[in-house]
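Using the sequences and the hints, build the whole thing.
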Amino acid sequence: MSVKLTASALAIAAVATTAAARDQVQVAGSSTVLPYASIVAEAFGENFDFPTPVVESGGSSAGLKRFCEGVGENTIDVANASRKIKDKEVKACAEAGVTDIIEVRIGYDGIVFASQINGPAYTAFQPVDIFNALSAKVVKDGALVENTHKQWADFNGDLPAADIAAFIPGTKHGTREVFEEKVMVEGCKEAGAFDIYMAENGGDKKAAGKACYEVRTDGVSVDIDGDYTETLARIDANPNGVGVFGLAFYENNTDKLKVATMGGVAPSTETIATGEYPVSRPLFFYVKKAHIGVIPGLKEYAEFFVADEIAGPDGPLSEYGLVSDPELAATQAAVSAEETMK
Amino acid sequence: MSDATAGTAAPQPSGSKKGSLLQQDARTKRRNAAESRFKFYGVLAVGTGLLFLLVLLWAIITNGAQAFSQTFVSVQVELLESKLDKNGNRNLEDIKKVSTFGYSPLVQNGLLSAVDQSGAETPLSKGKDMKPILSASAAAQLRDYVIANPDKIGETVEFRFLASSRVDGYLKGRVTRESIARDKNIDAAHLDLVDALLEVGVIEKTFNWSFITGSDASDTRPEAAGMGVSMLGSLFMMLVVLGLSLPIGVAASIYLEEFAPQNRWTDLIEVNISNLAAVPSIVFGILGLAVFIQFAHLPQSAPLVGGLVLTLMTLPTIIIATRASLKAVPPSIRDAALGVGASKMQSVFHHVLPLAAPGILTGTIIGLAQALGETAPLLLIGMVGFIASNYPEGVMDGFVSPNSAMPAQIYEWAKRADPAFYERAWGGIIILLVFLITMNIIAILLRRRFERRW
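Residue numbers (the working numbering), protein chains in the order written: chain W, 1 to 342; chain L, 1001 to 1454.
These are calculated hints, taken from the structure and not from any lab test. Take the hints with a grain of salt, since some may be wrong.
To be verified - Which stretches of chain L does chain W cover? Using the computed rule of at least three CB atoms under 8 Å from a CB of chain W, they are:
id : stretch
1  : 1146-1153
2  : 1177-1185
3  : 1213-1226
4  : 1383-1390
Cβ coordinates follow ideal geometry from the N, Cα and C atoms, glycine included.
Right, here's the structure in full:
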């Protein structure tokens, strides 16, 4: 075994010395941002003399964790995130020496509820319907009881009498947070459960909100830790299933999925841009300022990402399903001035 | 029983049954029935296995064969000087300033004039209307051409562009007029136009070499995605695996089998090697991340690191195979060599090792084939994602520049939104299977050709 150890140690040493300085931008993070980032990376490689950046996925949290490992060529330059960076993460970054972080908001992403195209007519939801179907506890006669709803029609006569089966993003996805904040809590408030939780927790808004996030654990609601393709496969196999998708994913699979309105508004880039469709969230990427000037093409990549011809309303990102940011010009200015987070 | 022929009835022991070999009694019948039942179960088991294999192959081939053909559009493009080189001085730096977004209208207008020439009647009359038919890669292809041939600016040149994935899917039957009813990427008027252009030969479906040689493409252009770069990634990884695990594995097994004393330490090592062979591959991925990337500071996403991780995974397989084939060489060979005065080392290297070589090679090839199909450890060292987009610039660069591997590329395609990528994932599986089958056939041939039995 000692032979083996020395031999591999030699091999590593031999290569480590010859490993040249990195000449392409390395990106990791949210799988929601991945398609957008790869579209930009491809166009960047075509239009600039720099090599095409490398984009990995793995989730917002995993990407930010790698981002905060430190400064240097063997750490990533850009982290994609489908949520804002948390204070905890900024702190972890600072401890590892990553202090100057440029935050770039690229646009908004809509989250849609869709079911099998041949399934029951789930065409109109209110947040309260989702809450009543999936929450661990529901309000009955002014008190919280265990959720025993079996069919959608059990609590809303307008919905089809079909078994409840929901496929929601797992907790490692940034999408889950949006689902909790924009759907579950809203539904919770509407159903009156929020006030009961408030009373129980002595008026603590945060604790009440947390209680609203609780989904039932009797198998009616299934966490999907994989990608939207997995959710699609589950919906394909279950005609009653309702799944949570990104708008871009739905738009590529309109032949298999039927989308539901939320609060009476159909999801589209327009309704999300105006804010009429309630379930949307901003997408971000974070750049290490210390790497600008060290890794060739990093600043150009960041500027190219938010350029009008890419992230603007007629650009390829918007065509793919990103809702372009009305304040794009401010973002462009911030990126070119390399404004860091406070 | 021969005295039974003597005519006198032999006294039968009381309680035993009268029996004849020719006439089956109930018990024999039961035993025979059990045997035929078992045979039937066996055939059933083999049949089920074969059936699964057939279903699998059928699914792979029917889903994946489509990836090997692709729809192309032939277009005459006028390389307008006013658009591509405003100063008219053919300065490469100035030409490069025009991005692919500036080239798109030229391609679209080119197709529009082809439509006019074909005489097809269509409500689509603007250049922009042609966009859903053409791949987004067309503008990049045109830009690359102009930068390589700046002297062609001002002329009209014929190009063969990829059609968009929706048009391609339409010709392959994946996209139908019903399925696009709510699709905002393409509408029925475009499909009518595609039908008309198909007749005049502007659009055609041919074999798709670029699927085998090309690089990965982003989510908006599945039609341009290919396996080529990730195949190179797999190749470089296999070179690392072969270069490290074969010498290390063979040296370790020769030492353990021929030289090492039999004691508690070697027993411990043996047990551990067998255990290592059963460790899930993702564990090696975590190890690779911690040791090679975070500690040794090797580059991320590099085939070199992938190769090192897979080496760790392949070593036990090779050691076990090598030791088995060394054991299979009869002791008489060693004794004879030692008897004529060879040293221990000479007996091993001149006689035992050559006889064991076919077995060692077979084990190595099987180990490599296993490593070739491995995805899990690559997830952790950053080889899965939008990575296989640049061809390596040379042999050294091939080892250290970011790349993916065939199974990782397939995994990546399988989870993308556009169904066209799904078809490519199946196509990728066909390529991967061809590689694996070839490697296994080589292993079988080597064994057939060189193996000796004593």
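Against the structure, the hints:
| no. | hint | result |
| --- | --- | --- |
| 1 | 1146-1153 | violated (count 0) |
| 2 | 1177-1185 | holds (count 8) |
| 3 | 1213-1226 | holds (count 5) |
| 4 | 1383-1390 | holds (count 6) |
Hint 1 from the list above is the single one not met by this structure.
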